[in-house]
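Please build the complete structure, drawing on both the sequences and the hints.
Residue numbers (our numbering), protein chains in the order written: chain R, 1 to 155; chain E, 1 to 155; chain G, 1 to 155; chain P, 1 to 155.
Honestly, the hints are just simulated from the structure, not real lab data.
The model shown is predicted, which means the values in this text are computed figures rather than measured ones.
Since the list can't tell identical chains apart, any single copy or any two copies may satisfy a pair.
Result set (BS3-like, lysine-lysine): computed pairs, CA atoms no more than 30 Å apart in a straight line: (1) Lys-149 to Lys-113; (2) Lys-122 to Lys-110; (3) Lys-110 to Lys-153; (4) Lys-153 to Lys-24; (5) Lys-113 to Lys-129; (6) Lys-149 to Lys-122; (7) Lys-110 to Lys-149; (8) Lys-149 to Lys-44; (9) Lys-132 to Lys-114; (10) Lys-132 to Lys-149; (11) Lys-122 to Lys-132; (12) Lys-114 to Lys-129.
There are 4 protein chains.
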Amino acid sequence: MGSGENATQENKNLAYEIGKIVAKLGYIVLTGGRNCGVMEAAMKGAKDYNGTTVGIIPDDHTSRMSEFVDIPIITGMGSARNNINVLSSDLIIAIGTSPGTISEVALAIKANKKILIPDNSKETIELLKRYKKSYVSQFNPYDPMEIEKLIVKYT
Amino acid sequence: MGSGENATQENKNLAYEIGKIVAKLGYIVLTGGRNCGVMEAAMKGAKDYNGTTVGIIPDDHTSRMSEFVDIPIITGMGSARNNINVLSSDLIIAIGTSPGTISEVALAIKANKKILIPDNSKETIELLKRYKKSYVSQFNPYDPMEIEKLIVKYT
Amino acid sequence: MGSGENATQENKNLAYEIGKIVAKLGYIVLTGGRNCGVMEAAMKGAKDYNGTTVGIIPDDHTSRMSEFVDIPIITGMGSARNNINVLSSDLIIAIGTSPGTISEVALAIKANKKILIPDNSKETIELLKRYKKSYVSQFNPYDPMEIEKLIVKYT
Amino acid sequence: MGSGENATQENKNLAYEIGKIVAKLGYIVLTGGRNCGVMEAAMKGAKDYNGTTVGIIPDDHTSRMSEFVDIPIITGMGSARNNINVLSSDLIIAIGTSPGTISEVALAIKANKKILIPDNSKETIELLKRYKKSYVSQFNPYDPMEIEKLIVKYT
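The structure is reproduced here in structure tokens:
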């Protein structure tokens with residue numbers, strides 16, 4: 001999960017790396033499926049490592065869908081689909097912050113899901129600190145080995 | 001799509017065969033994902049042919065999920081998820097009739113989706129006859145070759 | 001519940017009368033909330049009798065909303081909102097047939113809701129006959145007194 | 001919007017007062033509809049001032065519904081209904097913080113809705129400060145006249 005149109009290049013680089021790691025570990029990368037930001041970068045990473053990607057599309061059409069979605073789930077329900085993203089995931093990895101991302105981390109806390117914040121995003125880290133201390137990231141966000149270890153640990 | 005708990009053995013046999021054909025053709029089998037009826041039989045058919053299955057789960061948990069689901073999408077939204085089943089499918093294949101199935105065929109007509117009724121289910125065939133004549137099935141439901149040809153034609 | 005753009009004048013006249021009866025009996029008229037067909041006519045009837053109307057809007061905006069909606073519920077989830085219409089109603093009254101209406105009657109049968117078909121709509125009556133015999137209408141659709149008695153009986 | 005089971009007595013007192021003010025101003029109080037916390041307190045306030053209340057129920061049944069709901073909307077879609085709460089409101093008033101409340105404030109920011117935080121809840125105020133400075137509350141949360149003025153200003 002992560003920023004869409006407003007993602008920084010740094011957000012997208014990290015998302016790409018994590019998409020690759022998740023795919024390498026044999027997991028599916030599930031995102032909001034749109035053709036921008038963290039969603040697209042993570043799925044591109046997964047596809048470059050021959051992984052499988054699922055996109056939970058907010059629209060009732062595919063015109064804003066990323067080309068890196070293998071399995072499109074067309075919900076036609078806008079941001080209400082954020083809850084499906086959360087419920088369908090074994091581990092939520094949130095990169096960057098946007099209102100949509102924050103809603104997903106909040107819903108993930110509510111659904112008692114495991115959450116990993118691999119960067120230094122203040123807002124989501126504060127949320128986790130308050131409600132779910134144990135999943136707060138305390139690691140170097142740019143060390144793939146460390147991220148891989150954490151994903152393994154949490155899934 | 002098709003009956004759940006109330007599916008007949010005939011419904012399930014046909015669903016199994018069609019699951020196999022869809023998998024053989026390289027398509028994904030998407031169902032409501034529960035561990036009964038047409039859903040489970042179609043996914044079992046797909047898995048026996050090494051296909052990929054997606055289950056759009058109505059619950060917010062997996063206790064009623066079929067073991068033949070590869071990719072579970074946990075919606076937690078009950079029968080409102082029927083519309084996601086429909087929007088996410090390229091071709092709707094409906095077997096047997098139940099209120100849930102009829103709602104899906106009706107939503108598929110509304111969403112202007114291609115629909116195939118491979119058996120002699122009066123209710124869904126009547127629906128198609130009235131609203132979308134061209135997709136009414138006029139073929140031997142028990143001839144796999146003929147069903148395969150129709151799936152190819154419609155997708 | 002009932003046809004939208006494709007409603008006949010007869011559908012709309014009947015919806016208007018029933019909207020009035022429901023309001024007179026002190027019940028709320030809940031519809032899909034759009035500015036056409038059976039939805040709008042039923043709510044206009046209710047408002048002409050000083051009733052209260054709720055519109056469950058499929059869009060995430062109000063540009064297609066009827067002016068006769070008192071309380072708009074903006075779902076932004078398209079036809080998936082049909083299930084909310086059904087779950088939120090004590091008695092489903094379906095007028096005319098359209099794919100959307102049929103999906104709602106099917107979902108209402110699934111949710112074990114009371115259903116009244118006040119006209120001679122073959123498709124929905126067939127559905128009820130098959131799955132829920134007791135609620136099939138066997139009355140003069142154009143006698144307001146008789147409809148009123150049935151609504152009282154079923155709520 | 002606000003905390004459910006974990007609401008403090010202070011949260012509930014404030015919610016009650018605001019429910020009264022909203023009703024007095026002639027607006028409808030819309031909440032998540034459950035029988036606890038900020039939701040119930042706000043609706044009780046509205047009813048004590050003869051207002052109208054709408055409850056957007058997450059369940060597909062009414063066993064956890066507040067007795068102060070006039071118009072229950074039964075969604076059966078769990079926390080995905082939070083987006084309906086947001087889209088259906090002209091002004092979001094958030095009291096206290098819980099993961100659900102934070103998800104609603106985040107979705108409200110995304111939907112570009114007006115938001116009022118009448119207490120000193122750090123998490124939601126931080127969210128608004130970052131994404132939507134203009135709606136941050138800078139007023140005495142316990143002065144009903146001031147809250148009333150702000151509600152009038154924002155609606």
